[in-house]
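Student: Sequence:
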Amino acid sequence: MNQEYIKINIHPIYLKVAIIESILLACIKGSSFSEIESSVARVISKSEVILREYILHLVNNSFISYNRARKIYLIEAAGWDMLYIIYSQRESSISDYADLVIMIEANNDGDDLDYQDKRTRST
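Numbering (our numbering), first residue to last: 1 to 123.
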């Protein structure tokens, strides 16, 4: 059997930790978009379009889910894992919290998370 492998060029997504953390925390008990927007606004001023992009990436990568019947977003197991990573890195990191970004790279085996300092690009 002749098999041809196709390599798909996947571009990583870089998301700010402060925004992700606020979204994930809001989703613990379930939140509507407007409730998430209020939570994020307390931490950082971002437009609705950017917030929708963050939520889309978090849903597409199974960090949060959307319950259509109740019209709320809920945190998933991968979201809890991400919160753990955020808190672990924040405790051990010497860089400024505002400079931290998370790189999400989807692959066939699941999602790879890398934590990076935006200034140094170190992991």
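I should point out that these hints are in silico values taken from the structure, not numbers from a laboratory. Check each hint, because a few of them may be wrong.
List time: in silico DSS-like cross-link candidates among lysine-lysine, alpha-carbon distance up to 25 angstroms [claimed, not checked]:
1. 16 to 29
2. 46 to 16
3. 46 to 29
4. 29 to 71
5. 71 to 46
Label-pair ranges, simulated between beta-carbon atoms [as the list claims (entries may be wrong)]:
6. 81 to 43: 18 to 26 angstroms
7. 65 to 85: 15 to 23 angstroms
8. 84 to 60: 26 to 34 angstroms
9. 92 to 44: 20 to 28 angstroms
All residues carry an ideal CB built from backbone N, CA and C; glycine is no exception.
Student: Starting from residue 46, check that the Cα of residue 29 is at most 25 angstroms away, please.
Tutor: Between residue 46 and residue 29 the Cα gap is close to 23 angstroms, so the pair holds against 25 angstroms.
Student: Could you say whether the range 15 to 23 angstroms given as a hint is met by the Cβ separation of residue 65 and residue 85?
Tutor: holds, 19 angstroms
Student: When you take the CB atoms of residue 81 and residue 43, is the distance between them in 18 to 26 angstroms?
Tutor: holds, 21 angstroms
Student: Has the hinted range 20 to 28 angstroms been met by the Cβ atoms of residue 92 and residue 44?
Tutor: Once the Cβ atoms are compared, 23 angstroms apart, the range 20 to 28 angstroms for residue 44 and residue 92 holds.
Student: Assess, step by step, whether the Cα of residue 71 is no farther than 25 angstroms from the Cα of residue 46, and give holds or violated.
Tutor: holds, 22 angstroms
Student: For a C-alpha distance cap of 25 angstroms, please report whether residue 29 and residue 71 respect it.
Tutor: Roughly 13 angstroms between the alpha carbons, so the hint for residue 29 and residue 71 holds.
Student: Does residue 16 sit within 25 angstroms of residue 46, going by the straight-line distance between their CA atoms?
Tutor: holds, 11 angstroms
Student: Hey, residue 16 versus residue 29, does the alpha-carbon distance stay inside 25 angstroms?
Tutor: holds, 22 angstroms
Student: For residue 84 and residue 60, compare the CB-CB distance with the range 26 to 34 angstroms and indicate the outcome.
Tutor: violated, 21 angstroms
In this structure, the one hint that does not hold is number 8.
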